[in-house]
Amino acid sequence: MIEFRHVTKTYPRTHTHALKNVDFTIQKGEFIYIVGHSGAGKSTLLSLILRRVTPTEGSVHILGQDLSRLRSYRLPLLRRRIGMVFQNHRLLPNMSATENLVFALRATGERGNLEHRALLALRQVALAHKRKAYPVELSLGEQQRVAIARAMVTNPPLLLCDEPTGNLDPDTSWEILELLNDINIKGTTVAVATHAKELVDQLRRRTIVLRGGQVIRDDETGGYSL
Amino acid sequence: MYALRQALRAIRKNWIASISTLTTMTLSLTILAGFSLLSLNVNLNLGELQNELELAAYLSRSADPQAVLETVSGWGEVVSAELVSPDDALENLITELPYIERPSAQVNNPLPYSLYLRLSDPSQTARVGEALRELPGVDEVEDGGEAVETFLAINEALRLIGSVLIVVLLSSALFAIVNSIRAAITARRDEIEVMRLVGATRGFIRSPFLIEGVFLGLLSALLTLLLVVPGYSFIALRLSQTLRFLPLERDPLALAQLSLLLVALALLVGLVGSAISVSQYLQEDG
Numbered sequence: 011m012i013e014f015r016h017v018t019k020t021y022p023r024t025h026t027h028a029l030k031n032v033d034f035t036i037q038k039g040e041f042i043y044i045v046g047h048s049g050a051g052k053s054t055l056l057s058l059i060l061r062r063v064t065p066t067e068g069s070v071h072i073l074g075q076d077l078s079r080l081r082s083y084r085l086p087l088l089r090r091r092i093g094m095v096f097q098n099h100r101l102l103p104n105m106s107a108t109e110n111l112v113f114a115l116r117a118t119g120e121r122g123n124l125e126h127r128a129l130l131a132l133r134q135v136a137l138a139h140k141r142k143a144y145p146v147e148l149s150l151g152e153q154q155r156v157a158i159a160r161a162m163v164t165n166p167p168l169l170l171c172d173e174p175t176g177n178l179d180p181d182t183s184w185e186i187l188e189l190l191n192d193i194n195i196k197g198t199t200v201a202v203a204t205h206a207k208e209l210v211d212q213l214r215r216r217t218i219v220l221r222g223g224q225v226i227r228d229d230e231t232g233g234y235s236l
Numbered sequence: 032m033y034a035l036r037q038a039l040r041a042i043r044k045n046w047i048a049s050i051s052t053l054t055t056m057t058l059s060l061t062i063l064a065g066f067s068l069l070s071l072n073v074n075l076n077l078g079e080l081q082n083e084l085e086l087a088a089y090l091s092r093s094a095d096p097q098a099v100l101e102t103v104s105g106w107g108e109v110v111s112a113e114l115v116s117p118d119d120a121l122e123n124l125i126t127e128l129p130y131i132e133r134p135s136a137q138v139n140n141p142l143p144y145s146l147y148l149r150l151s152d153p154s155q156t157a158r159v160g161e162a163l164r165e166l167p168g169v170d171e172v173e174d175g176g177e178a179v180e181t182f183l184a185i186n187e188a189l190r191l192i193g194s195v196l197i198v199v200l201l202s203s204a205l206f207a208i209v210n211s212i213r214a215a216i217t218a219r220r221d222e223i224e225v226m227r228l229v230g231a232t233r234g235f236i237r238s239p240f241l242i243e244g245v246f247l248g249l250l251s252a253l254l255t256l257l258l259v260v261p262g263y264s265f266i267a268l269r270l271s272q273t274l275r276f277l278p279l280e281r282d283p284l285a286l287a288q289l290s291l292l293l294v295a296l297a298l299l300v301g302l303v304g305s306a307i308s309v310s311q312y313l314q315e316d317g
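These protein sequence lines map, in sequence, to chains L and R.
Numbering of the first sequence is given in my numbering, commencing with residue 11 and proceeding in unit increments.
Numbering of the second sequence is given in my numbering, commencing with residue 32 and proceeding in unit increments.
Looking at chain L on its own, in the form it has when it is part of the complex (with noise of 0.2 Å):
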């Protein structure tokens, strides 16, 4: 599903050795955390399967396909493979739940009653009562909920989050980790990069600590610790 093939990442402007010789493959149907310190290199990696940047070594293999040789027309139809959340949700202000999920799926081409499956992604995160509801209407940890079907409405097979607990209390970050994680019992690989001690501890999946850039520990029994 993902693998890492001894990848190095440099930004040329600062010198930093954001990733160093990383190497490693997530299976389909996997849930793993990405842990670390700010600056570790988590959102490097994220940004290396969603080839918003290119490996300076290495390479990135995602849902079978080598990065480096996709061609870019074909970028789109990866993306659409794989979901994405934020800590900062990136819901569209001026549209609501609904309308936010609807443009998703129009912006991908799709057809046919867009609001009826937006509405079915709604009720999957137990938020079709607020289908209206702007998100300046919404909690936060609501508005992280409607993020998720947003990135869950195209049914990618592949949900990525970067710090989806980041801005949330520890009850709703409790929250959104039981749905992430019921999302992954019903067949999609996710992969979270937190640096939430206490969610890893508690929701006990397969660990990648990074530090410095580079995997200091891969652990399938789970944990924080760093």
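Bear in mind the hints are in silico, worked out from the structure with no lab data behind them.
Ideal placement from N, C-alpha and C gives every residue a C-beta, glycine not left out.
Please note that the accuracy of each hint is not assured.
What the hints assert, rightly or not - With a Cα cut of at most 25 Å, we get these calculated SDA-like pairs of lysine to any residue: (1) L:Lys142 - R:Gln37; (2) R:Lys44 - L:Arg116; (3) L:Lys142 - R:Asp221; (4) L:Lys142 - R:Glu224; (5) R:Lys44 - L:Ala143; (6) L:Lys142 - L:His99; (7) L:Lys142 - R:Arg92; (8) R:Lys44 - L:Lys207; (9) L:Lys142 - R:Leu196; (10) R:Lys44 - L:Ser106; (11) L:Lys140 - R:Phe265; (12) R:Lys44 - R:Arg220; (13) L:Lys140 - L:Arg127; (14) L:Lys38 - L:Gly68; (15) L:Lys38 - L:Tyr21; (16) R:Lys44 - L:Val146; (17) R:Lys44 - L:Thr26; (18) R:Lys44 - L:Arg100; (19) L:Lys207 - L:Pro180; (20) R:Lys44 - L:Met105; (21) L:Lys142 - R:Leu39; (22) R:Lys44 - L:Glu109; (23) L:Lys140 - R:Asp221; (24) L:Lys142 - R:Leu183; (25) L:Lys142 - R:Glu222; (26) L:Lys142 - R:Lys44; (27) L:Lys196 - L:Gly233; (28) L:Lys140 - L:Leu115; (29) R:Lys44 - L:Pro145; (30) L:Lys207 - L:Glu188; (31) R:Lys44 - L:Glu188.
Stated by the list, open to error - Examples of chain L residues lying across from chain R (beta carbon under 8 Å, computed): (32) Leu87; (33) Asn98; (34) Arg100; (35) Leu102; (36) Pro167.
Given the coordinates of chain L, work out where chain R should sit on it, guided by the hints.
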């Protein structure tokens, strides 16, 4: 349909930038249209002048008029050559100036054989005039070359100024579109980011902005035509009343062609301007 809705929404939302673009484009296109009409009319006048212009050569008494006529008729630039005898010349003169009829009867006809030429290209007038002067048997030549040269110089200057104006005005219209679309892109930066993340194609992201550019171009072309068509009709009417001798371009086909060209140019500027803007943004954004 979605792209069109988004484009119209962007125009409404960024109405200050849209109006500024429309103003700049309309002004540029109006100046261009005015200049094109001026050029069209100068060309028309030049054509008329070409039709009316005659070279006149007066032959010496010793000349063989038929031999001169034959020589001149063989020149490539000469469309027609007419030989007028002294008697016919006098008759023509009396028709124009009846009061000389009586005095002319008292003296021998002083007029020589004269030769009237029409040329295919008025710019050759001076050269043909010189060649005529060199011919044996030709005493004097009237070529009206100064008038032609003035007209040709005006035409050349207009062409030069026109080329510079086209570049300057189209560039300003293009930059206006580029800036307007950039403002629209900035306003929709978050939407574009979401579109890219969910896997929207470049075409899907670009299309609302391209439509916006084309729409602004079309609108400014229509505004220009609204200004230029009645404006030109009014000016042409006033000129035809005061300067009756001046031929003015009234051919509906020529004016329709000019209008179509203006619309096509505006659409092209709109399309190219928005394409530049959106490509630049998508490239910068990775």
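Hints, one by one, checked against the model:
Taking the CA atoms of Lys142 of chain L and Gln37 of chain R, the gap is about 21 Å. The hint holds against a cut of 25 Å. Between the alpha carbons of Lys44 of chain R and Arg116 of chain L the distance comes to roughly 22 Å, so the proposed pair stays at or under 25 Å and holds. Distance hint between Lys142 of chain L and Asp221 of chain R is fulfilled; the C-alpha atoms sit about 20 Å from each other, no more than 25 Å. Between Lys142 of chain L and Glu224 of chain R, the direct Cα distance comes to roughly 23 Å. Compliance with the 25 Å bound is thereby established for this hinted pair.
Our distance criterion of 25 Å between C-alpha atoms is met by Lys44 of chain R and Ala143 of chain L, whose separation comes to about 22 Å. Using a Cα cut-off of 25 Å, the hinted pair Lys142 of chain L and His99 of chain L holds, with the two alpha carbons roughly 17 Å apart. Only pairs whose Cα atoms come within 25 Å are accepted, and Lys142 of chain L paired with Arg92 of chain R is rejected, the gap being roughly 106 Å. Among the hinted pairs, Lys44 of chain R with Lys207 of chain L is inconsistent with the structure: their alpha-carbon atoms are about 45 Å apart, more than 25 Å.
Under the criterion of a C-alpha separation no larger than 25 Å, the hint pairing Lys142 of chain L with Leu196 of chain R is inconsistent with the structure, at around 54 Å. Distance check on the hinted pair: Lys44 of chain R and Ser106 of chain L sit about 19 Å apart at the alpha-carbon level, within 25 Å; holds. A threshold of 25 Å between alpha carbons decides the hint, and for Lys140 of chain L with Phe265 of chain R the separation of about 62 Å lies outside it, so the pair is violated. A hinted pair counts as satisfied when its Cα atoms are at most 25 Å apart, and Lys44 of chain R with Arg220 of chain R qualifies at roughly 14 Å.
Between the alpha carbons of Lys140 of chain L and Arg127 of chain L the distance comes to roughly 15 Å, so the proposed pair stays at or under 25 Å and holds. Between Lys38 of chain L and Gly68 of chain L the alpha-carbon distance is near 22 Å, which keeps this suggested pair within the 25 Å criterion. A C-alpha spacing of about 30 Å is found between Lys38 of chain L and Tyr21 of chain L, which places the hinted pair above 25 Å, so the restraint is violated. A threshold of 25 Å between alpha carbons decides the hint, and for Lys44 of chain R with Val146 of chain L the separation of about 21 Å falls inside it, so the pair holds.
For the suggested pair Lys44 of chain R and Thr26 of chain L, the alpha carbons sit about 41 Å apart, so the restraint of at most 25 Å is broken. Restraint check for Lys44 of chain R and Arg100 of chain L: satisfied, since their Cα atoms lie roughly 21 Å apart, inside the 25 Å limit. Simply put, Lys207 of chain L and Pro180 of chain L have alpha-carbon atoms about 11 Å apart, close enough for the 25 Å limit, and the pair holds. Pair hint Lys44 of chain R plus Met105 of chain L holds up; C-alpha atoms about 15 Å apart against a cutoff of 25 Å.
A distance of roughly 24 Å separates the Cα atoms of Lys142 of chain L and Leu39 of chain R; the hinted pair therefore holds under the 25 Å criterion. Distance check on the hinted pair: Lys44 of chain R and Glu109 of chain L sit about 19 Å apart at the alpha-carbon level, within 25 Å; holds. A threshold of 25 Å between alpha carbons decides the hint, and for Lys140 of chain L with Asp221 of chain R the separation of about 22 Å falls inside it, so the pair holds. Restraint check: the Cα-Cα separation between Lys142 of chain L and Leu183 of chain R comes to about 71 Å, which exceeds 25 Å; the hinted pair is violated.
The suggested pairing of Lys142 of chain L with Glu222 of chain R holds, with an alpha-carbon distance near 19 Å, which does not exceed 25 Å. This hinted pair checks out: Lys142 of chain L and Lys44 of chain R have alpha carbons roughly 23 Å apart, not beyond 25 Å. As the CA atoms of Lys196 of chain L and Gly233 of chain L are separated by approximately 23 Å, the hinted pair is consistent with the 25 Å bound. Restraint check for Lys140 of chain L and Leu115 of chain L: satisfied, since their Cα atoms lie roughly 19 Å apart, inside the 25 Å limit.
Restraint check for Lys44 of chain R and Pro145 of chain L: satisfied, since their Cα atoms lie roughly 20 Å apart, inside the 25 Å limit. For the suggested pair Lys207 of chain L and Glu188 of chain L, the alpha carbons sit about 15 Å apart, so the restraint of at most 25 Å is met. Distance restraint check for Lys44 of chain R and Glu188 of chain L: the Cα-Cα separation of roughly 41 Å exceeds the 25 Å cut-off, and the hinted pair is therefore not satisfied. The closest approach between the C-beta of Leu87 of chain L and any C-beta of chain R is roughly 7 Å, which is under the 8 Å cut-off, so the hint is satisfied.
With its C-beta approaching chain R no nearer than about 11 Å, Asn98 of chain L sits outside the 8 Å limit, and its interface hint is violated. Given the 8 Å rule on beta carbons, the hint for Arg100 of chain L holds: about 6 Å separates it from the nearest Cβ of chain R. Hint on Leu102 of chain L holds. Least Cβ distance to chain R is approximately 6 Å, under the 8 Å limit. With a least beta-carbon distance of about 13 Å to chain R, the hint placing Pro167 of chain L at the interface is violated under the 8 Å criterion.
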